[in-house]
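The lines below spell out each chain.
2 protein chains.
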Amino acid sequence: MSAPQEETVKSNGLMSILAPIQEDLKAVSTVIDDVMKTPSLKVRPMLDQVRRYRGKMLRPAFCILAGRCFKEVDRDHHHLGAIVELIHTATLVHDDILDRADKRRREETVNLTWGNHAAVLLGDFLFATAFGLSSNLEDPLASRYLAWISGVVCQGEIMQIIETGNLDLQEVDYMEIIEKKTAYLFAASARVGAEYVDAPRESVDALADYGMRLGTAFQIIDDCLDLVGDEERVGKTLGTDVRQGKVTLPVIHFLRTAPDAETARLRELLSGGQGDNFLDEIRALLIGNGSLAFARDRATPLAEEAVEKVATLPESSARDSFTELALYTLSRNR
Amino acid sequence: MSAPQEETVKSNGLMSILAPIQEDLKAVSTVIDDVMKTPSLKVRPMLDQVRRYRGKMLRPAFCILAGRCFKEVDRDHHHLGAIVELIHTATLVHDDILDRADKRRREETVNLTWGNHAAVLLGDFLFATAFGLSSNLEDPLASRYLAWISGVVCQGEIMQIIETGNLDLQEVDYMEIIEKKTAYLFAASARVGAEYVDAPRESVDALADYGMRLGTAFQIIDDCLDLVGDEERVGKTLGTDVRQGKVTLPVIHFLRTAPDAETARLRELLSGGQGDNFLDEIRALLIGNGSLAFARDRATPLAEEAVEKVATLPESSARDSFTELALYTLSRNR
Numbered sequence: 001m002s003a004p005q006e007e008t009v010k011s012n013g014l015m016s017i018l019a020p021i022q023e024d025l026k027a028v029s030t031v032i033d034d035v036m037k038t039p040s041l042k043v044r045p046m047l048d049q050v051r052r053y054r055g056k057m058l059r060p061a062f063c064i065l066a067g068r069c070f071k072e073v074d075r076d077h078h079h080l081g082a083i084v085e086l087i088h089t090a091t092l093v094h095d096d097i098l099d100r101a102d103k104r105r106r107e108e109t110v111n112l113t114w115g116n117h118a119a120v121l122l123g124d125f126l127f128a129t130a131f132g133l134s135s136n137l138e139d140p141l142a143s144r145y146l147a148w149i150s151g152v153v154c155q156g157e158i159m160q161i162i163e164t165g166n167l168d169l170q171e172v173d174y175m176e177i178i179e180k181k182t183a184y185l186f187a188a189s190a191r192v193g194a195e196y197v198d199a200p201r202e203s204v205d206a207l208a209d210y211g212m213r214l215g216t217a218f219q220i221i222d223d224c225l226d227l228v229g230d231e232e233r234v235g236k237t238l239g240t241d242v243r244q245g246k247v248t249l250p251v252i253h254f255l256r257t258a259p260d261a262e263t264a265r266l267r268e269l270l271s272g273g274q275g276d277n278f279l280d281e282i283r284a285l286l287i288g289n290g291s292l293a294f295a296r297d298r299a300t301p302l303a304e305e306a307v308e309k310v311a312t313l314p315e316s317s318a319r320d321s322f323t324e325l326a327l328y329t330l331s332r333n334r
Numbered sequence: 001m002s003a004p005q006e007e008t009v010k011s012n013g014l015m016s017i018l019a020p021i022q023e024d025l026k027a028v029s030t031v032i033d034d035v036m037k038t039p040s041l042k043v044r045p046m047l048d049q050v051r052r053y054r055g056k057m058l059r060p061a062f063c064i065l066a067g068r069c070f071k072e073v074d075r076d077h078h079h080l081g082a083i084v085e086l087i088h089t090a091t092l093v094h095d096d097i098l099d100r101a102d103k104r105r106r107e108e109t110v111n112l113t114w115g116n117h118a119a120v121l122l123g124d125f126l127f128a129t130a131f132g133l134s135s136n137l138e139d140p141l142a143s144r145y146l147a148w149i150s151g152v153v154c155q156g157e158i159m160q161i162i163e164t165g166n167l168d169l170q171e172v173d174y175m176e177i178i179e180k181k182t183a184y185l186f187a188a189s190a191r192v193g194a195e196y197v198d199a200p201r202e203s204v205d206a207l208a209d210y211g212m213r214l215g216t217a218f219q220i221i222d223d224c225l226d227l228v229g230d231e232e233r234v235g236k237t238l239g240t241d242v243r244q245g246k247v248t249l250p251v252i253h254f255l256r257t258a259p260d261a262e263t264a265r266l267r268e269l270l271s272g273g274q275g276d277n278f279l280d281e282i283r284a285l286l287i288g289n290g291s292l293a294f295a296r297d298r299a300t301p302l303a304e305e306a307v308e309k310v311a312t313l314p315e316s317s318a319r320d321s322f323t324e325l326a327l328y329t330l331s332r333n334r
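Chains as they are written, first to last, in our numbering: chain G, 1 to 334; chain A, 1 to 334.
Quick caveat, the hints were computed from the structure, so don't treat them as lab data. Please read these numbers as outputs of a predicted model, since none were measured by experiment. Think of the CB as a built atom: it goes at the ideal place given N, C-alpha and C, for glycine as much as any other residue. Just so you know, not all the hints are guaranteed correct.
Per the computed footprint, the stretches of chain A lying under chain G, defined by three or more beta-carbons under 8 angstroms from a beta-carbon of chain G, are [claimed, not checked]:
#1 40–52
#2 87–98
#3 154–164
Looking from chain A toward chain G, a few residues come up when the C-beta cut is under 10 angstroms (computed) [claimed, not checked]:
#4 T113
#5 H117
#6 T129
#7 A130
#8 L137
#9 L141
#10 E176
#11 D260
#12 A261
#13 E262
#14 T263
#15 A284
Work the whole structure out from these sequences, hints included.
This is the structure:
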């Protein structure tokens, strides 16, 4: 049984949604490649590996689409896109260490190839590179804002680590964590993208609200996919959340609503014995209790509110792309 | 036998050298404390622990003294000092993970108390905080420069990790590593401190050269202290470099100059068997061959050149402090 949205919502693939801004996204990639041309030859192979992490480029897409809701975008937006993508990539490199992950976008992770130590430092280098680019922005406010957002992302991740293994984590705390670690960067991407074309204040806020809500929905679905995705399609090791004691929404719902005997069994599974059928048994419990469906259903109104926010903007193909991205987020299976 | 400089060079203690700028250094601490007042209560205890890392504050001192070579310094310099100290602190937090260190300034390290995962993220948060402060600077050039320097520091650390366990590391590569991971930040601290008082170009360059040379000397001595320091006085776990396979100047000299039987023994010690007398035996070998003395002797001309650089500046008590700091660096035993 899969979540109901998958059957009912028709969504275009991400490739086709982002097709109109492909040239801009390529320009973002070029900015990143240029800025990573480090003088130190020894660091180069690591950076080449990180290049292959570049996946959906959703955050740069938010920057560019937000700008395009009002006018053509230019070099500034490619820089903004590169900054948010680099911040995101730095957190991925560090996340993979924390998750002891060995696959990312079907490639070996940096920590697997080069070791955790090198991966910590490479993440630091990516942060420094992002801030270097950011300090080159003409608008110092954007630069300040992006640094502040990076701090928020780190705080969200720290809270997540503190709550690792806490099986009594409440939904409200889970929501705060995913807003900080994920949604704020989506919101910031849309906000700076709109600010850089001098969009009206209400439109900037609407786009930031869109980013906040869709970013939250995106993370809820991401957490579901970690449990029930197809490893080949998702492109990374599945089940890392439950293996690491990271409590996500389906688990919170299950522990709150399932019969005592079943919650006791899940607590047991999450607290220790992780045999061969560990993930299969957890999946069966969560799906059987409707906890996966509950989590996906929590994402739906968030995506709907996001769509309502951008509906207040003037009509444009970029605005339509935002609407399609909301549908894509709910229906994605990787 | 200790290195010869310790007997011959008379140096004031660091406290007395920095006494004239104590108020400025306190103001730097206040800036850091203010900026770390995070809204997330759960992150607070970690930040409190990191506050206790605040040690010599040498990098902020470089900022302030460089400014004071020309005029009174103000709020800008306290911000600059906070930025370089935060960048340094972030690298310390990450270094302690990599070194598996459990003591820092006589306190438990963050990684020991909260785990490696939290320490990775806390370091990231400190970087983000530094860049947030930096993006508030009036001069965007300083902000760009400090971001670039942070990238250089990371590259130095990455090179060091790549060379871990390479017993054939050459002196020239070691020098490049310590310049990048340590000296550049000292140089940058002095440079921005001087630039912020609009010092003449030659003076700015002289101060940056001072920072580069003294920073390099400082790291050479630091690496010696890791081998032969007094754990209580140095305030951190000793012998971590050799335990982790980090090859420093005394080891490079030894492997280049000692008799074959002895180099074979050191290679054996560094490659595997680390018994109870591991550090004592390495110390005896390095001291017996004069390799510790060689390393300290390499630091001396660097400190002397540093002093010559600041001798070109107009006379001032801040300039005298720089000269005293050079003597302190050579004679320090913690």
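Checked hints:
{"no.": "1", "hint": "40–52", "verdict": "holds (count 4)"}
{"no.": "2", "hint": "87–98", "verdict": "holds (count 5)"}
{"no.": "3", "hint": "154–164", "verdict": "holds (count 8)"}
{"no.": "4", "hint": "T113", "verdict": "violated, 12 angstroms"}
{"no.": "5", "hint": "H117", "verdict": "holds, 5 angstroms"}
{"no.": "6", "hint": "T129", "verdict": "holds, 6 angstroms"}
{"no.": "7", "hint": "A130", "verdict": "holds, 9 angstroms"}
{"no.": "8", "hint": "L137", "verdict": "holds, 9 angstroms"}
{"no.": "9", "hint": "L141", "verdict": "holds, 9 angstroms"}
{"no.": "10", "hint": "E176", "verdict": "holds, 9 angstroms"}
{"no.": "11", "hint": "D260", "verdict": "violated, 30 angstroms"}
{"no.": "12", "hint": "A261", "verdict": "violated, 33 angstroms"}
{"no.": "13", "hint": "E262", "verdict": "violated, 30 angstroms"}
{"no.": "14", "hint": "T263", "verdict": "violated, 25 angstroms"}
{"no.": "15", "hint": "A284", "verdict": "violated, 29 angstroms"}
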